[in-house]
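Undergrad: With the sequences and hints as input, model every part of the structure.
Line by line, the protein sequences are chains A and B.
According to the working numbering, the first sequence is numbered sequentially starting from 260.
According to the working numbering, the second sequence is numbered sequentially starting from 206.
No wet-lab data here; the hints were simulated from the structure.
Where is the CB? At the ideal position from N, CA and C, for every residue including glycine.
Incorrect hints may have been included.
[Stated by the list, open to error] Over the 10 Å line for every Cβ pair with chain A, so calculated as not near, a few chain B residues:
(1) Gln214
(2) Gln219
(3) Gly221
(4) Glu222
(5) Asn223
(6) Leu224
(7) Thr225
(8) Glu246
(9) Val249
(10) Ser278
(11) Pro286
(12) Asp288
(13) Phe306
(14) Met313
[Said to hold, decoys possible] For the chain A half of the interface with chain B, some residues (derived, Cβ under 7 Å), not all of them:
(15) Gly299
(16) Leu302
(17) Pro342
(18) Phe349
(19) Phe367
(20) Gly370
Listed below, chain by chain, are the residues.
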Amino acid sequence: NAGVTQTPKFQVLKTGQSMTLQCAQDMNHNSMYWYRQDPGMGLRLIYYSASEGTTDKGEVPNGYNVSRLNKREFSLRLESAAPSQTSVYFCASSEFAPTRIRDYGYTFGSGTRLTVV
Amino acid sequence: TQLLEQSPQFLSIQEGENLTVYCNSSSVFSSLQWYRQEPGEGPVLLVTVVTGGEVKKLKRLTFQFGDARKDSSLHITAAQPGDTGLYLCAGDYNAGNMLTFGGGTRLMVKP
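TA: Here's what the structure looks like:
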């Protein structure tokens, strides 16, 4: 099925460890996004990529880095994990054009549940 | 930072009851979307509203966009257990640049 695939689904890290969350979409979308979801706070944008080769900071970028490897893949890296980064991480993609977002919204992956101890 | 407030945060009702949840902002939206999220899954788009005063219906769900395009509501008629989930509103402030999400309303419909 077409969509957004995230790996891994679950991860436990120790404080200070590093890891990369992977995301791939097969819908030929131009833009991709990384959000984190914490209880009562909705989804907060970490980084986004409007097109292949570009990345921009969102609302909560500190402690994260991203790579838009190609049009399909957008990875999120935690260089030195902290307990405050315990969260559920969602990758999403869309067509980067007003009418497309209005008609089709974002397509989300099923998330990565990360715990930092 | 644009702020989207959703209310109530939690709602537990019996099957067959009606309910309304709200999404409010001090800023004007270019468009607003409602998503539903089930446990262990990502949000799924329900509807997009664009024009002030617009009303859209999706079976038992009615979505309304405020005249000033600063607020929206979702009304569910005769709620069913299958409606259980987290309902998120998301505003597009920059005509397609990116979405800002509200904190969500967690709905539980008991049989």
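Undergrad: With reference to the structure, classify each hint as holding or not holding.
TA: Against the structure, the hints:
| no. | hint | result |
| --- | --- | --- |
| 1 | Gln214 | violated, 6 Å |
| 2 | Gln219 | holds, 24 Å |
| 3 | Gly221 | holds, 28 Å |
| 4 | Glu222 | holds, 24 Å |
| 5 | Asn223 | holds, 25 Å |
| 6 | Leu224 | holds, 19 Å |
| 7 | Thr225 | holds, 19 Å |
| 8 | Glu246 | violated, 5 Å |
| 9 | Val249 | violated, 7 Å |
| 10 | Ser278 | holds, 17 Å |
| 11 | Pro286 | holds, 22 Å |
| 12 | Asp288 | holds, 19 Å |
| 13 | Phe306 | violated, 4 Å |
| 14 | Met313 | holds, 15 Å |
| 15 | Gly299 | holds, 5 Å |
| 16 | Leu302 | holds, 4 Å |
| 17 | Pro342 | violated, 21 Å |
| 18 | Phe349 | holds, 5 Å |
| 19 | Phe367 | holds, 3 Å |
| 20 | Gly370 | holds, 6 Å |
Hints 1, 8, 9, 13, 17 from the list above are not met by this structure, while the remaining hints are.
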